Amino acid sequence: MKELYRRDIAALNRSWKSRYKSFEEVMPFLPAEAPSVRARLESLRWYRDSMTEYADFWLESARQYFPGTEIYLCTGGDMAPEHGSDFSAQAKVASKYGAGIRITNEASSFPQNVALTRLVGSVGRFYGAYFGHEPASAVTPVGMLGRMFNAVTSGARQLFLYNTPELVSEQGNKLSLGEGGLFHLRYKAWQKRAVPVIDVGLLYPTSSDTHTIREYGTFRDLVAEVRRLVDFELLDERLIQEDALAKIRVLVMAGADILEAATLDKIGSWVAAGGLLFALDSRPQDWDGANRSFDALAGFAPGSDEIRGITEIVVDEPDRLPSLASLPSVFVSRAFTGLAADVEPYLSMGYAAKGRVAWRRRVGQGYIYAYFGPMDLKQREDSWLVAYNIPFRFLRDGIEDCARSGPLKKAPLSLNLTVSDVYLVETAGGLLALNMSDETKTVETDLGSIEIPGRSLLKIK
Amino acid sequence: MRENMQTKQIRTVAAALWLGAMSGLCAQPRQDPGRLLGQPAELSAWAYAYRADMKIQEKPEAAFILRRLDRLDRVYRPVSLLLAQGSGKKGLPWPRQEGDWQLLPKKAIWERGELLPAPDGALRSALLWEGRMHLNRLELSWPKGEPAPPPQDVEVRVYPSPYGWFGWQSDQRVTALSEISEGGSTWIYGGDWDGVDMVAVFLKNAGNSFSPSPQIRAYGPENWERMDIEIEWGFQEGTQRSDYSGRLDGFFGLVGEIAPLAGDSGTAAEGRSAWTSHARAGVRRGISVSLLYIRPADERIKNLPKYPYGHPRDTRITLWTRAGNMTFLVKSLEGGPICAPEYGFFVARAGAGLFSQPLEVTVCSVSHTDKNADERLELFKQVGVTSIQTYISWNKVEEERGVMNWSEYDADAALFKKHGLKWVPFVIAGPWYVTPEFVRQDPEIVLLRCLEHARESAIPSTLEPAASRVRTRVFKKVRRALLAAGCTRVYQPGNHRRLRRSHLFGRWELAGRIPLPWGILVRRRAGRSGFPPGDEGALS
Numbered sequence: 001m002k003e004l005y006r007r008d009i010a011a012l013n014r015s016w017k018s019r020y021k022s023f024e025e026v027m028p029f030l031p032a033e034a035p036s037v038r039a040r041l042e043s044l045r046w047y048r049d050s051m052t053e054y055a056d057f058w059l060e061s062a063r064q065y066f067p068g069t070e071i072y073l074c075t076g077g078d079m080a081p082e083h084g085s086d087f088s089a090q091a092k093v094a095s096k097y098g099a100g101i102r103i104t105n106e107a108s109s110f111p112q113n114v115a116l117t118r119l120v121g122s123v124g125r126f127y128g129a130y131f132g133h134e135p136a137s138a139v140t141p142v143g144m145l146g147r148m149f150n151a152v153t154s155g156a157r158q159l160f161l162y163n164t165p166e167l168v169s170e171q172g173n174k175l176s177l178g179e180g181g182l183f184h185l186r187y188k189a190w191q192k193r194a195v196p197v198i199d200v201g202l203l204y205p206t207s208s209d210t211h212t213i214r215e216y217g218t219f220r221d222l223v224a225e226v227r228r229l230v231d232f233e234l235l236d237e238r239l240i241q242e243d244a245l246a247k248i249r250v251l252v253m254a255g256a257d258i259l260e261a262a263t264l265d266k267i268g269s270w271v272a273a274g275g276l277l278f279a280l281d282s283r284p285q286d287w288d289g290a291n292r293s294f295d296a297l298a299g300f301a302p303g304s305d306e307i308r309g310i311t312e313i314v315v316d317e318p319d320r321l322p323s324l325a326s327l328p329s330v331f332v333s334r335a336f337t338g339l340a341a342d343v344e345p346y347l348s349m350g351y352a353a354k355g356r357v358a359w360r361r362r363v364g365q366g367y368i369y370a371y372f373g374p375m376d377l378k379q380r381e382d383s384w385l386v387a388y389n390i391p392f393r394f395l396r397d398g399i400e401d402c403a404r405s406g407p408l409k410k411a412p413l414s415l416n417l418t419v420s421d422v423y424l425v426e427t428a429g430g431l432l433a434l435n436m437s438d439e440t441k442t443v444e445t446d447l448g449s450i451e452i453p454g455r456s457l458l459k460i461k
Numbered sequence: 001m002r003e004n005m006q007t008k009q010i011r012t013v014a015a016a017l018w019l020g021a022m023s024g025l026c027a028q029p030r031q032d033p034g035r036l037l038g039q040p041a042e043l044s045a046w047a048y049a050y051r052a053d054m055k056i057q058e059k060p061e062a063a064f065i066l067r068r069l070d071r072l073d074r075v076y077r078p079v080s081l082l083l084a085q086g087s088g089k090k091g092l093p094w095p096r097q098e099g100d101w102q103l104l105p106k107k108a109i110w111e112r113g114e115l116l117p118a119p120d121g122a123l124r125s126a127l128l129w130e131g132r133m134h135l136n137r138l139e140l141s142w143p144k145g146e147p148a149p150p151p152q153d154v155e156v157r158v159y160p161s162p163y164g165w166f167g168w169q170s171d172q173r174v175t176a177l178s179e180i181s182e183g184g185s186t187w188i189y190g191g192d193w194d195g196v197d198m199v200a201v202f203l204k205n206a207g208n209s210f211s212p213s214p215q216i217r218a219y220g221p222e223n224w225e226r227m228d229i230e231i232e233w234g235f236q237e238g239t240q241r242s243d244y245s246g247r248l249d250g251f252f253g254l255v256g257e258i259a260p261l262a263g264d265s266g267t268a269a270e271g272r273s274a275w276t277s278h279a280r281a282g283v284r285r286g287i288s289v290s291l292l293y294i295r296p297a298d299e300r301i302k303n304l305p306k307y308p309y310g311h312p313r314d315t316r317i318t319l320w321t322r323a324g325n326m327t328f329l330v331k332s333l334e335g336g337p338i339c340a341p342e343y344g345f346f347v348a349r350a351g352a353g354l355f356s357q358p359l360e361v362t363v364c365s366v367s368h369t370d371k372n373a374d375e376r377l378e379l380f381k382q383v384g385v386t387s388i389q390t391y392i393s394w395n396k397v398e399e400e401r402g403v404m405n406w407s408e409y410d411a412d413a414a415l416f417k418k419h420g421l422k423w424v425p426f427v428i429a430g431p432w433y434v435t436p437e438f439v440r441q442d443p444e445i446v447l448l449r450c451l452e453h454a455r456e457s458a459i460p461s462t463l464e465p466a467a468s469r470v471r472t473r474v475f476k477k478v479r480r481a482l483l484a485a486g487c488t489r490v491y492q493p494g495n496h497r498r499l500r501r502s503h504l505f506g507r508w509e510l511a512g513r514i515p516l517p518w519g520i521l522v523r524r525r526a527g528r529s530g531f532p533p534g535d536e537g538a539l540s
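Listed in order, the protein sequences are those of chains A and B.
The first sequence begins at 1 in my numbering and counts up by one.
The second sequence begins at 1 in my numbering and counts up by one.
The set of hints was computed from the structure by calculation and includes no laboratory data.
Values in this document were obtained by computation on a predicted structure and should not be read as measured data.
The reader is advised that the hints may include incorrect statements.
As the list claims (entries may be wrong) - Mimicking EDC-like on lysine to aspartate or glutamate, the simulated pairs with C-alpha atoms at most 20 angstroms apart in a straight line are: (1) B:K381 x A:E179; (2) A:K96 x B:E334; (3) A:K192 x B:E334; (4) A:K92 x B:E334; (5) B:K306 x A:E60.
Using the sequences and the hints, build the whole thing.
Below is the structure:
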């Protein structure tokens with residue numbers, strides 16, 4: 001902190017809204033005792049950076065003694081703040097030493113596994129660090145099939161398996177392949193690396209303190225839900241600040257309550273240059289509590305006001321949001337008034353006609369699609385409404401509308417809202433599918449109607 | 001860019017040979033990569049060439065050859081002679097002043113000894129590279145239709161140049177004339193000359209009416225390798241309508257025929273390495289192209305890369321387009337695609353998405369002590385497993401300070417080798433449960449302190465300098481043992497298994513994250529978000 005503030009304690013106090021008399025008084029604090037958001041996040045950055053420095057030490061040591069050997073930095077978790085891990089920083093360090101990263105703690109759910117591994121895959125591809133996937137423990141047989149699909153379609157270099165009965169079982173003295181082992185045998189030819197083709201990015205809000213989503217759950221659960229809908233790159237704030245947005249056309253922002261000003265600037269510039277931003281229940285502030293940057297992008301005006309009340313939703317643009325228009329009565333409880341004049345309403349409150357729940361706004365060559373309706377991604381015991389998965393319907397309808405009306409060349413082939421347990425991934429080698437369920441499923445894609453047998457992988461094109 | 005006529009000829013010959021091979025490839029893709037593929041790469045095409053029979057050199061940089069030879073004769077040779085005759089305590093023979101010869105320590109010059117005398121003959125041909133080359137074959141091609149000079153009248157020299165174009169250098173005679181072609185027009189010299197950036201040919205009696213200048217071809221130890229790539233552009237908003245017409249240049253690399261990406265109707269090849277590209281229908285805009293490239297061996301100094309940003313002989317491809325330019329290292333594509341958003345290009349190996357790279361499938365863990373270990377390993381191989389991971393715990397191999405015992409792991413390594421499986425040792429040197437007793441008892445050990453509970457844990461801070469030194473020492477020993485056993489991959493615990501003496505979060509939960517991740521996360525999945533003070537789980 002002394003270096004950051006150039007030994008000026010007054011500058012630190014102004015920035016942190018604190019009253020330290022000297023830098024010697026500045027000690028680590030518990031999150032609840034942070035003088036300000038900036039103080040908390042700058043301390044968190046120091047913590048994460050020091051962890052990365054330590055990873056650097058290990059990698060440097062290992063590379064020194066093993067100059068020609070593949071080296072993996074074993075990392076884990078989902079980059080929650082208290083872990084101290086910073087996957088993109090680790091990937092940069094690993095890349096520096098020609099090393100890779102192995103992310104541990106996959107389990108048996110494909111979308112949850114994507115939520116746990118995708119950030120490492122995205123940063124690895126961006127910085128040129130190879131990567132591998134590891135489970136936390138034993139995995140169900142169909143979970144093993146899903147893990148293989150995840151590793152292959154992510155472009156992972158390595159897939160780690162535990163020596164469990166699901167792989168090779170033992171009865172008496174006789175060994176035989178377990179059910180999971182049989183999947184590996186059946187799809188042995190698949191055990192190679194694909195190159196994913198991804199147009200959609202999901203923002204990983206590195207600055208977000210809590211990693212919770214209002215009315216929903218954890219950010220990791222949300223990532224898994226997005227994977228149920230579409231394949232994506234997970235982009236943290238470092239990647240965005242280093243121009244990773246250039247490779248994608250659609251960015252989904254959800255659960256982002258705080259973002260660094262530089263991240264917001266990059267997103268704004270990217271939208272103006274033609275990017276399509278879907279902000280789902282997110283109105284992020286910067287580290288100093290200012291939300292002017294995002295508000296200006298989204299069309300909030302000085303007179304904008306948040307209003308509350310339970311009313312039916314009105315679909316202002318039924319042609320653009322067909323799956324939302326087809327729903328029976330849907331209720332919402334929050335909207336905004338006094339938005340900028342150039343905002344195109346998409347969803348509004350039924351009993352407060354000027355209360356906008358969702359809208360689109362053109363910014364330069366791009367668009368922002370803002371949504372502030374319920375985050376009813378799944379039915380919960382305490383849900384006060386029937387869950388129709390409205391935010392993802394908004395997202396899917398919006399993406400398809402962009403493909404129809406021109407801002408997007410085509411909708412992602414991996415887009416699939418309606419068929420559960422089926423996951424599509426577009427790769428340079430074609431469209432690949434995973435069916436985790438026991439039954440044969442049929443999905444409609446741009447390539448036609450595709451039938452995928454239960455518990456199987458399929459190369460469609 | 002203008003090219004030396006001779007250089008152009010060489011390149012044309014090389015390209016013609018290769019393109020001939022490429023056309024053959026169309027009939028039999030990926031089976032006959034052509035005459036140049038796998039052959040030694042000719043490096044002279046990327047040198048500045050000097051020919052005494054040309055009044056004006058094609059590339060003005062060739063003038064540096066004359067300047068460097070002149071400096072060698074007038075400065076470095078006399079200095080080396082004086083130093084060789086003097087004593088090591090003497091100063092340099094003239095006052096110190098700014099000058100590149102002074103960059104080299106006197107002692108180093110002294111140790112190099114006296115340089116060769118200047119060549120007897122006159123300079124006829126030379127090559128100069130921008131970086132240091134490793135050469136092992138030189139070919140002199142004398143003009144056809146004329147007799148070659150007698151070999152005793154020809155002197156060939158190479159120039160080791162440790163400090164670049166403007167620093168101290170020496171020269172070596174090339175004496176091993178190993179082959180003269182039928183007809184005598186091509187002479188081949190074999191040898192091993194490393195770190196040279198210049199080659200020169202001198203001819204005695206050059207003032208005679210017959211003073212031919214040979215064409216020099218130089219080859220290094222690297223052979224041509226092939227890579228098919230795809231280059232995509234126009235995918236960023238605002239660039240879709242841009243004109244990306246352009247061309248490719250290879251530096252220590254050859255560019256094959258260009259074809260538009262599938263479905264890109266706006267791009268068309270124009271000549272051998274150029275194209276036009278305008279926005280039309282099609283999902284992707286860009287080209288596919290085959291390259292011949294070289295991969296110099298990794299060079300290291302004190303185990304650090306000598307060239308962290310690319311070896312001087314690495315193949316570089318420059319993409320010149322009307323919308324922007326970019327240069328990339330071909331070998332970088334072996335690690336994955338290159339995305340350069342600031343230039344709007346995406347470069348990837350063609351076919352990388354067609355399942356071309358095998359996945360490393362690793363199973364953990366099997367021991368030589370396991371019942372049915374052989375049968376189990378064969379079953380693993382049957383389903384595509386390529387390697388076996390085992391854990392190497394610090395306290396198992398170093399129970400007593402400095403005394404290493406690898407017997408348990410040696411037997412495992414031998415077992416995996418027998419089955420043709422790689423061994424992946426997972427080195428655990430951080431958590432408490434692998435910390436040797438002599439480290440635990442070290443009075444200087446710094447332990448983590450829980451901020452929330454104001455209490456020390458039994459876990460050493462791995463940032464503690466003494467602990468780091470200990471682990472570095474262990475790594476050295478691990479390396480010796482593993483290399484002896486044929487280890488191919490190493491894993492290491494890294495990120496969140498370290499805490500400072502004071503930390504931000506202050507929960508004992510974090511202490512539980514010091515061990516290996518599976519232990520932590522299994523606990524988390526069981527619903528425990530932390531550990532109470534003193535809980536053994538927090539210390540394991």
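Which hints from the list above does the structure break, by number from lowest to highest? Those not satisfied: there are none.
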